[in-house]
Structure formats: structure tokens, C-alpha cells
Amino acid sequence: MKVLVLNCGSSSLKYQLINMETEEVLASGKYERIGEEEAFITHKVNGQKIEIKKPAYNHKEAIEFTLEQFTNPEYKVIDSLDEISAVGHRVVHGGEKITESVVITDEVIQTIEECTDLAPLHNPACMLGIEACREVMPNKPMVGVFDTAFHSSIPKDKFIYPIPYEYYEKYGVRKYGFHGTSHMYVSQRLGEIENKSLEGTKIVTCHLGQGASICAVKDGKSMDTSMGLTPLAGLPMVTRSGDLDPSVVTFIMKKENLDAQTMEDILNKKSGLASISGMAPDFRVIEDESNKGTERAKIAIEQFNYSIASFIAKYAVAMKGIDYIIFTGGIGENQIHIREGICQKLEFMGVKLDLDENNMRGEEKVISTPDSKVKVYVIPTNEELMIAKETKRLVGKNN
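Mapped onto the working numbering, the consecutive letters of the sequence shown carry residue numbers 30 to 428.
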């Protein structure tokens with residue numbers, strides 16, 4: 030069974046074609062600047078990277094040209110598009126109605142559209158991809174894998190905000206959480222590595238990248254997570270503020286005479302570690318400057334590490350202990366000093382890092398010492414494979 034995984038942005042299309050018998054990625058790539066004359070695709074196959082400039086004025090045209098690459102005689106990976114059994118879509122928000130991965134139907138599409146207010150940048154982009162696939166591949170079954178679905182197991186006392194209850198009833202204002210597909214993948218992968226059921230395990234998964242979130246996973250289910258109604262909440266990120274005193278927002282709006290949209294842009298795009306450090310929104314640059322002793326960069330990195338360690342300690346309370354900590358995402362997998370800085374703050378919990386084992390990037394391995402009370406892993410995330418697995422599970426093995 031071969032599954033096409035799509036992750037659509039408003040002007041981009043990321044894709045992977047995966048052979049689910051071997052879990053091998055046959056081809057992958059990204060279409061960028063969709064809607065413009067200068068649109069181009071970067072297609073990766075057989076170790077090659079092929080860049081093709083090809084105007085695509087909508088997602089339908091981008092998907093059509095992408096599909097042509099799979100059967101291109103120069104580097105084809107399949108003989109016919111009939112070999113593609115199903116399409117898996119990454120969807121950000123399913124609200125309270127969609128609590129697990131689902132086969133996409135008219136009703137599911139309606140729910141995705143209804144959640145647009147909760148994910149105005151992401152859900153409309155996903156709909157473009159779904160509608161394009163319906164036109165280009167009308168008979169292919171499609172599955173939606175939702176970032177919020179994994180967190181549907183969070184109990185109500187942990188997702189309700191202490192504001193007038195009517196806002197939850199009228200508008201669905203509550204904690205939803207994000208990065209669910211990544212948190213689900215790495216926690217399930219830990220079960221495979223350890224060759225054990227997740228029943229009875231207490232895991233904290235740390236998805237650290239441009240966006241970052243922490244998740245408490247008990248018995249394989251999300252019990253709490255750092256992001257909230259939107260992906261702005263929780264940790265200070267590269268350009269996102271993370272948690273704030275709410276009055277900071279209204280205070281600045283009054284002082285600067287800002288409207289809601291402008292303030293939202295500031296919190297999402299002009300805040301976080303980049304704003305503290307005064308540097309470009311590139312985590313590697315900020316960390317390098319911190320290591321050189323640049324004061325504001327040091328403050329930014331210290332705040333990042335402290336916030337992560339604090340959430341981990343908080344989730345030890347939520348689960349009455351922690352058995353495993355997992356680092357994943359671009360920062361979690363690759364930034365050696367960040368992992369070290371976080372683990373040092375958790376030594377009071379019996380966390381002991383093996384500095385030699387930690388001295389690596391992007392590998393799947395244990396980085397704690399044998400006598401550490403909490404086992405610490407680095408597990409590279411693979412959201413695309415998780416989406417493909419969910420698609421295979423729902424569509425079935427007969428396709």
C-alpha cells in the first residue's frame with residue numbers, strides 16, 4: 030500500500046509518498062510560492078534533489094504537477110497513479126467534534142471549516158489541499174489527521190480556562206493543544222524501542238522547534254499540554270511570546286493604540302526569543318550568541334530552558350511522577366547544549382544526563398546515565414509517517 034501524505038500551507042505544499050509495506054519514503058518535496066508565476070517545486074527522489082520552476086496558480090495545479098513527478102520516466106517511483114491507495118492530510122484543528130483521525134467526508138469538511146476561527150492560518154490552507162485532491166483524484170479515499178486530536182483525552186479540569194464559562198459554551202474557548210501528531214508518534218515509538226506497552230508509563234514529550242510544546246503522556250494518552258486555544262500559548266518560542274500576564278496585552282494595546290489583529294501579529298511574529306535577544310528569528314544564531322556570552326541572547330536561552338524544565342516538573346505533578354523524557358523537533362533533536370541546560374535544571378528529580386551520549390545530533394538514542402531516575406531519550410519525530418500509518422489503519426489493507 031502506498032500513501033501520499035500532504036501538508037498544505039496557503040502558498041505551499043509539502044508531500045511524501047510512502048510505501049507502507051516497508052515504511053520507505055519513495056519521494057518527497059515541497060511546492061513553494063503557489064499562486065505566483067515564480068512558483069517552483071523541490072522534488073527529492075533516490076538521493077537526488079530536483080528543482081523545477083513551474084507556475085502553479087492554485088493548489089490543484091500544484092498537486093497535478095507533483096503527481097506527474099512520481100511517474101516521470103527520468104526518476105519515476107511508480108508506474109501509475111493507480112498505485113497510490115490513499116491520501117493522508119495534516120489538519121491543524123478539529124475542535125471538540127473531531128477527536129481522532131477520520132476518513133474525510135462532507136461532514137468532516139464542514140467541521141474543518143467551522144474551526145477556521147480557531148486556526149485561521151491553517152485550516153483554510155488544508156481545505157485548499159482537500160478540495161484540490163477531490164478534483165484531481167476524485168476516487169481516492171482521504172484521511173484527516175488532526176494536530177488537536179491526540180489531546181482530546183485531556184480531562185476537563187485541565188482544559189477549561191478560569192474565565193466566564195459562557196465563552197466556552199458559546200465559542201469553544203478552551204485549551205486544545207497542538208503538535209499532537211508528533212507527540213503521538215514519539216511516545217508510540219518509545220513503546221516500540223522499549224518493547225513494552227505504554228499502559229502504566231508516564232512520559233513527557235518535548236517537541237522543540239520554531240514552534241514548541243510540551244505534553245504529559247500517561248498510558249499513551251495526552252493528559253496535559255503547554256499550548257492552548259492557539260499555538261501561541263505555553264513556552265516562549267522563536268517569535269511567539271508563550272504565556273504572559275493577560276494584562277500585558279491590554280496595557281500595550283492601550284498605550285500604543287493597537288487593534289486586535291496588530292497585537293496578535295506582534296505576539297505571534299515579533300515576540301519570543303528573537304525579541305528578547307534582539308536578533309534574527311533563527312534559534313541557532315541566538316544560541317550561538319548566548320554561548321559567546323551575549324547578554325540578551327543568554328537571557329533568551331535561559332528563559333527557554335527554564336520554561337521547559339518548569340513544564341516538565343509541572344507534569345510530574347499531573348502524572349504523579351515521570352518515567353521518560355523525550356526530546357524531539359529541530360531544536361530537541363539537534364541542540365546539544367539546550368538538552369543539557371534543561372536536564373541540569375531537573376537534577377533534583379534524579380535526572381542524570383550522560384554528556385558523551387548527549388553529544389550528538391538527530392540520532393535516536395538514550396542520553397541519560399544508567400542510574401538516572403528518569404530515562405531521557407532523543408527520538409526524531411516523523412509526523413508524515415504517523416499520518417501515513419493512521420491513513421493505512423483507517424483505509425484498510427485491502428487497497
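Accuracy of the hints is not assured; some may be wrong.
[Stated by the list, open to error] Keeping only pairs whose Cα atoms sit at most 35 Å apart, straight-line, the calculated DSBU-like set for lysine-lysine is:
{"no.": "1", "residue 1": "349", "residue 2": "402"}
{"no.": "2", "residue 1": "59", "residue 2": "83"}
{"no.": "3", "residue 1": "374", "residue 2": "126"}
{"no.": "4", "residue 1": "225", "residue 2": "327"}
{"no.": "5", "residue 1": "394", "residue 2": "349"}
{"no.": "6", "residue 1": "231", "residue 2": "402"}
{"no.": "7", "residue 1": "199", "residue 2": "225"}
{"no.": "8", "residue 1": "169", "residue 2": "89"}
{"no.": "9", "residue 1": "204", "residue 2": "298"}
{"no.": "10", "residue 1": "231", "residue 2": "381"}
{"no.": "11", "residue 1": "298", "residue 2": "250"}
{"no.": "12", "residue 1": "299", "residue 2": "43"}
{"no.": "13", "residue 1": "187", "residue 2": "250"}
{"no.": "14", "residue 1": "394", "residue 2": "374"}
{"no.": "15", "residue 1": "59", "residue 2": "283"}
{"no.": "16", "residue 1": "83", "residue 2": "402"}
{"no.": "17", "residue 1": "204", "residue 2": "105"}
{"no.": "18", "residue 1": "83", "residue 2": "204"}
{"no.": "19", "residue 1": "394", "residue 2": "404"}
{"no.": "20", "residue 1": "231", "residue 2": "349"}
{"no.": "21", "residue 1": "83", "residue 2": "187"}
{"no.": "22", "residue 1": "59", "residue 2": "199"}
{"no.": "23", "residue 1": "327", "residue 2": "349"}
Calculated directly from the structure, the hints in this document are not laboratory data.
Quick rundown of the hints versus the structure:
1. 349 / 402: Holds, at about 14 Å.
2. 59 / 83: 12 Å, holds
3. 374 / 126: 39 Å, violated
4. 225 / 327: At roughly 40 Å apart (the allowed maximum being 35 Å), residue 327 and residue 225 break the hint.
5. 394 / 349: 25 Å, holds
6. 231 / 402: 13 Å, holds
7. 199 / 225: The hint is violated at about 42 Å.
8. 169 / 89: 15 Å, holds
9. 204 / 298: 21 Å, holds
10. 231 / 381: 17 Å, holds
11. 298 / 250: At roughly 31 Å apart (the allowed maximum being 35 Å), residue 250 and residue 298 satisfy the hint.
12. 299 / 43: 25 Å, holds
13. 187 / 250: Distance ~14 Å between residue 187 and residue 250 Cα, so the pair holds.
14. 394 / 374: 21 Å, holds
15. 59 / 283: 42 Å, violated
16. 83 / 402: Given pair residue 83, residue 402 is violated - Cα atoms ~54 Å apart, limit 35 Å.
17. 204 / 105: Measuring from Cα to Cα gives roughly 44 Å; hence the hint is violated.
18. 83 / 204: 41 Å, violated
19. 394 / 404: 11 Å, holds
20. 231 / 349: 8 Å, holds
21. 83 / 187: 48 Å, violated
22. 59 / 199: 39 Å, violated
23. 327 / 349: Holds, because 32 Å separates the two Cα atoms, which is no more than 35 Å.
When the structure is compared with the earlier hints, violations turn up for hints 3, 4, 7, 15, 16, 17, 18, 21, 22 and for no others.
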